Amino acid sequence: MPQANVVMHARRVTPTTSIIDIQGDISAFAEQELMRAYTEASAPTTRTIILNFTGLEYMNSSGIGLIVTLLIRINRQKQRMLAFGLSDHYQHIFELTRLNDAIKIYTSEAAALAAA
Amino acid sequence: MLYQDGGQPRPYPATIRNRTPVQGTGGAGPRPGIQKEIKTAMSTSPVPTNGQPDEQPRDAAFWSSYTTGLKVSNVPSGALNLNVEGKLVNGPLQGFGRMWQKTYSITLNGTSLTAKEVIKTWKERFPEFWPKGNRFFGPLTGIAPGEVALLNLTLTGGIKLSTGVLVLYADEESFTLMTPQGHIFAGWITFSALEENGSLVAQAQVLMRASDPIYELGFRLGMYKEEDKFWQHTLKSLASSFGIDVPVEMQAICVDPRMQWSHAKNVWHNAAMRTTIYTISTPLRWIRGRGRKRNQQ
Numbered sequence: 271m272p273q274a275n276v277v278m279h280a281r282r283v284t285p286t287t288s289i290i291d292i293q294g295d296i297s298a299f300a301e302q303e304l305m306r307a308y309t310e311a312s313a314p315t316t317r318t319i320i321l322n323f324t325g326l327e328y329m330n331s332s333g334i335g336l337i338v339t340l341l342i343r344i345n346r347q348k349q350r351m352l353a354f355g356l357s358d359h360y361q362h363i364f365e366l367t368r369l370n371d372a373i374k375i376y377t378s379e380a381a382a383l384a385a386a
Numbered sequence: 007m008l009y010q011d012g013g014q015p016r017p018y019p020a021t022i023r024n025r026t027p028v029q030g031t032g033g034a035g036p037r038p039g040i041q042k043e044i045k046t047a048m049s050t051s052p053v054p055t056n057g058q059p060d061e062q063p064r065d066a067a068f069w070s071s072y073t074t075g076l077k078v079s080n081v082p083s084g085a086l087n088l089n090v091e092g093k094l095v096n097g098p099l100q101g102f103g104r105m106w107q108k109t110y111s112i113t114l115n116g117t118s119l120t121a122k123e124v125i126k127t128w129k130e131r132f133p134e135f136w137p138k139g140n141r142f143f144g145p146l147t148g149i150a151p152g153e154v155a156l157l158n159l160t161l162t163g164g165i166k167l168s169t170g171v172l173v174l175y176a177d178e179e180s181f182t183l184m185t186p187q188g189h190i191f192a193g194w195i196t197f198s199a200l201e202e203n204g205s206l207v208a209q210a211q212v213l214m215r216a217s218d219p220i221y222e223l224g225f226r227l228g229m230y231k232e233e234d235k236f237w238q239h240t241l242k243s244l245a246s247s248f249g250i251d252v253p254v255e256m257q258a259i260c261v262d263p264r265m266q267w268s269h270a271k272n273v274w275h276n277a278a279m280r281t282t283i284y285t286i287s288t289p290l291r292w293i294r295g296r297g298r299k300r301n302q303q
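Each protein sequence line maps, in turn, to chains D and C.
If you want this note's numbering, it's the 1-based position in the first sequence plus 270.
If you want this note's numbering, it's the 1-based position in the second sequence plus 6.
So here's chain D without its partners, still in its complex pose (with noise of 0.2 Å):
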C-alpha cells in the first residue's frame, strides 16, 4: 500500500469535544490515518469530535467516502462531527456530495468550539 500524503493530529480541547487537525491529502491512503487520529481523539467522554480541513491540500472521491465512513462511525459513538477551515472549493464538494446535510461546516475553530 502507498504511503499516505496526509498528517493528522487529535486535541482533546475539552473532555467533551476534541479536534483533529488535517494537513495534505485526503485519499483512500489516508483511512489508517483517519481512523489512528479517531481514536486518539476519542475518550468515553467525548461528545464531539471537530475535523480542521485549513490544511487540506488535496481530496478525491474515496476521500470523501472515507469521511462518510468516519460520520456514520462516530454517530454510532454516539458522538456528532463538525467542521471548519474548508476552502470555498471544498465547501462546494460537501454541498456537491450533499455531506453538508450532515456535517454542520463553521467558519472557525471558535466558532466550531462554541456549537460543539
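Read the hints as simulated data drawn from the structure, not as lab findings.
The structure displayed is predicted, hence computed values, not measured ones.
Among the hints, erroneous ones may be present.
[What the hints assert, rightly or not] Derived coverage of chain C by chain D (criterion: at least 3 residues anywhere in the stretch with Cβ under 8 Å from a Cβ of chain D; other residues may be distant):
| id | stretch |
| --- | --- |
| 1 | 68-78 |
| 2 | 95-101 |
[Claimed, not checked] Reference excerpt, derived from the structure (chain D facing chain C, CB under 10 Å, subset only):
| id | residue |
| --- | --- |
| 3 | V283 |
| 4 | T284 |
| 5 | T286 |
| 6 | D295 |
| 7 | A298 |
| 8 | M305 |
| 9 | E327 |
| 10 | S332 |
| 11 | G333 |
| 12 | G335 |
| 13 | L341 |
| 14 | R343 |
| 15 | Q347 |
| 16 | I363 |
The C-beta atom is built at its ideal place from N, Cα and C for all residues, glycine as well.
Use these hints to put chain C onto chain D, whose structure you have.
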C-alpha cells in the same frame, strides 16, 4: 450552509452559490495521478502558473460543478430519458437502507499495462462491459466530471428501470458515478486502478444504501446477489478486454446496519415504479397523441 460565531447561519460564498453546471475538463488538468501525488508528498504550495500561485486546489478540475438538478444535454438514439431531468443526486447519507461498502477487484498480473491505461479503456468502453439487458448511454464527450449518463436497466423479474448517473469525479486513475433520486441505491461507485507491489489492481467500490423501503426489500430478496453478479461481470469483461481471465474478488462491509426511516419518503421518486407506470400508460399516451393530431387537422 455555513455557521459562524453564535451559531448564526450564513450563506455559502457567491462563488459557490452561483455555480451552474458546466462540462468538466475530463482530466485535462495537472492531476499528477496517485503515484506522482506520493512523490510530491508534503508539498504545501499550490502548483505555480506563470510564476503566480494557482488558487485552485490540485483536484479542482476533477470534480463536477453540479449543485442543482441534473440536466440531460443529449438523449442518444434508443435511450429512454426518464427520472433524471431535474433530479438531485443522492449520496449514501440520503438513502434509506443499510449502508454497504462493496469492493469488487481483479488483479491484472503478467501485463505491462499501467493504471492510467486501464482507466482510459474503462472510461472509453464502459458500456461494453455491462451485462446484457442493461444499457449505459454515456455522453458524447465521454466520461468527464459533470456529465450525465442515462441508464436503461433490467431488474430481477424483468422489471425495466430508466435512470441515470452523474460523473461526480474523474481523473486519470479513477472515476466516480453518483446516483440521482429514484435510483435503486443512493450513493456512488468509484472505479479505480492501482499499481501495487508489482501488481495492477482494478476495482469498483460501491458506497450505498438502498434508496427507499421498496428497493431495500428488493435487495434483501435477491437484488444484492444480482448487483454482485453485475459488477463481477463488468470486471471480468474489463479483464477480458486485455486478454486476461482472472477471478473477481469481492469484499462487503456493512458500514451501518440501521435503516434511515426519515428517508422512507424517497419512495416518491422510485424510478422502477415510475418507469413501470410510464410503460403501462404508453398506449394511453399514443391514443391521446392521435386525438390531438386529429383535432389540429
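message: Checking each numbered hint in turn, tell me which of them this model violates, lowest number first.
response: Hint check: 3, 4, 5, 8 and 15 fail, others pass.
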